[in-house]
Amino acid sequence: MSKYGEKNIKAYGNNFTTMTPGPFARWMRTCLIWQFLRFIAINIKMIVVVGKSH
Amino acid sequence: MARLVVLGGGVAGHTAATFAAKWLGSEHEVVVVTPNAKWNWIPSNIWVGVGEMSKEDVTFDLAPVYQKAGINYKQAKAVSINPEGKEGSDKPFVTVEFTGQGKVGETEEVQYDYLINATGPKLNFAATPGLGDANGLGEFTVSVCTADHAVHANEEFQKTIEKMKKGERQKFLIGTGHGMCTCQGAAFEYIFNIEHELRKAGVRDMADLQWISNESFLGDFGVGGLHMKAMGFAVSSRIFAESLFAERNVEWTIGAHVNKVEKGKAHYELLDGSMGEHEFDFAMLIPPFAGVGIKAYDKAGEDITATVFAPNGFMKVDANYAAGAYENWKASDWPRTYQNPTYKNMFAAGIAFAPPHGISKPMSSPNGTPINPTPPRTGMPSGIIGKAVAHSVCDLMTKGESAHLHEASMAEMGAACVASAGKGIFTGTAAAMTIYPVVPDFEKYPGTGRDTDYTFGEIGLAGHWIKHILHHLFIYKAKLNPGWTLIPE
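These protein sequence lines are chains A and B, in that order. For the first sequence, numbering that gives the first Met the number 0 assigns the number 0 to the initial residue and increments by one for each residue that follows. For the second sequence, numbering that gives the first Met the number 0 assigns the number 0 to the initial residue and increments by one for each residue that follows.
Worth double-checking, as some hints may not be accurate.
When the alpha-carbon atoms are kept at most 20 Å apart in a straight line, the in silico EDC-like pairs for lysine to aspartate or glutamate are as follows [to be verified]: (1) A:Lys6 <-> B:Glu411; (2) A:Lys44 <-> B:Glu411; (3) A:Lys6 <-> B:Asp332; (4) A:Lys44 <-> B:Asp452; (5) B:Lys37 <-> B:Glu55; (6) A:Lys6 <-> B:Glu55.
None of these hints come from the bench; they were simulated from the model. All values derive from a computational prediction rather than experimental measurement.
The task is simple: from the sequences and hints, build the whole structure.
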């Protein structure tokens, strides 16, 4: 997992100036507890936007 | 009894027809004319295209649903509109040609009091030589635009996996197949689902993934990109998109107009005027959209197509089509009621309405080739517009011609969007985003054009769960199962 994204960066290529997630950020993306909390948060945010749009 | 005819049974047309049927009851008639026998939840086609869902998972038969709703369903395609009627009759009508119901090829004149044009797009494969022809998809590339296309795409995809397992390296080219395409999001989802499936199959190291699109920057998505709040910053979608491409080791070519496709090779022109080519073993290139080509005639039979439709074949509505150069564009150019300015009993919804101009900044190469995304009108905005138009028509039918028209400007509505980056109940990820408003309003929100309190995005498993739930929720709603009206568009 370590350096997963960084190894794909090409020096001075078109992806050289972007950001890449580290191991913790990637782990959090599929961490069940954290993602359950995010699921609730995202749904609330989406419901607010949907409500503003109708 | 008055009659509403809805052309098209996609997100906008189905939403409009089903709400109209519910609100009008049996006092008025609702007719749906659509060439398809099945309804398709198009956002899930990308999962069909990688073998994670079947065609049956994303489609269902329309006939029993319309029967339940009391809608007169004609499996046919609209050929022409006569908004003034014809000699001897002032009654407007649509000429339709049947594609099913045992009447294939037969034509019929369907009279209407009100018309909603929600035909969606013609997939204009013929715009790029080699991508396809007037009959549809060509032999060199695949598509996920329809469920059948996605089934074919998966068949070809599985062949590449077998080749890689035998040690044969494969190159994937995915993106847009023309300089004036929209729907970059679908291609975005597909390339990352391909990448996810390749990892699951254990052959990722045998694949080279190449993105090509007409966006001037990654993350434009046809809406000029968006700024999202993250880590205390308002961050451009470009940063997030580039990050994902780098992380998943996907190369990108942007600002590209694919001008020719051959077996195993796509030729393109870039915004700087230079030409290039990408070789591929597997290519999924989204075609540009056009109107479906409905003609319009006046009472005398004279062709008035140019009066009713814009040159791209989409129906003119209450938009400002005279905005001109980008510097003059305003949020107020975008239509509010979707009523045709010439014939007040005609409306257009979803992709079928002619937008006043793009959302992304227009660009062209030094050779004069326009290369920029055209504006998306799919998904949530399409459903909201369909419902608003149905509301207006129902009020006109029940309260009279002075009834207030309902409004749904894309410059005042937001959208929730979930872009899958791989399917899996515990391993899947998706970018969950909201954008408010869809069309940036730089007068109201100087700088980014959008309210960053309501524009956000993040990638993770939660987004995948939401996309999967939405898949079932919207199919449940489209089938008009109990409580369907409680599910928002």
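Now for the hints, and whether the structure bears them out:
In summary, the hint linking A:Lys6 to B:Glu411 is not supported, as the alpha carbons are separated by about 42 Å, beyond the 20 Å threshold. At most 20 Å may separate the alpha-carbon atoms for a hinted pair to count; A:Lys44 and B:Glu411 meet this at roughly 17 Å. For the hint pairing A:Lys6 with B:Asp332, the CA-to-CA distance comes to about 46 Å; that exceeds 20 Å, so the pair is violated. Pair hint A:Lys44 plus B:Asp452 holds up; C-alpha atoms about 10 Å apart against a cutoff of 20 Å.
A C-alpha spacing of about 10 Å is found between B:Lys37 and B:Glu55, which places the hinted pair at or below 20 Å, so the restraint holds. Distance check on the hinted pair: A:Lys6 and B:Glu55 sit about 40 Å apart at the alpha-carbon level, beyond 20 Å; violated.
Comparing the model with each numbered hint stated earlier shows that hints 1, 3, 6 do not hold.
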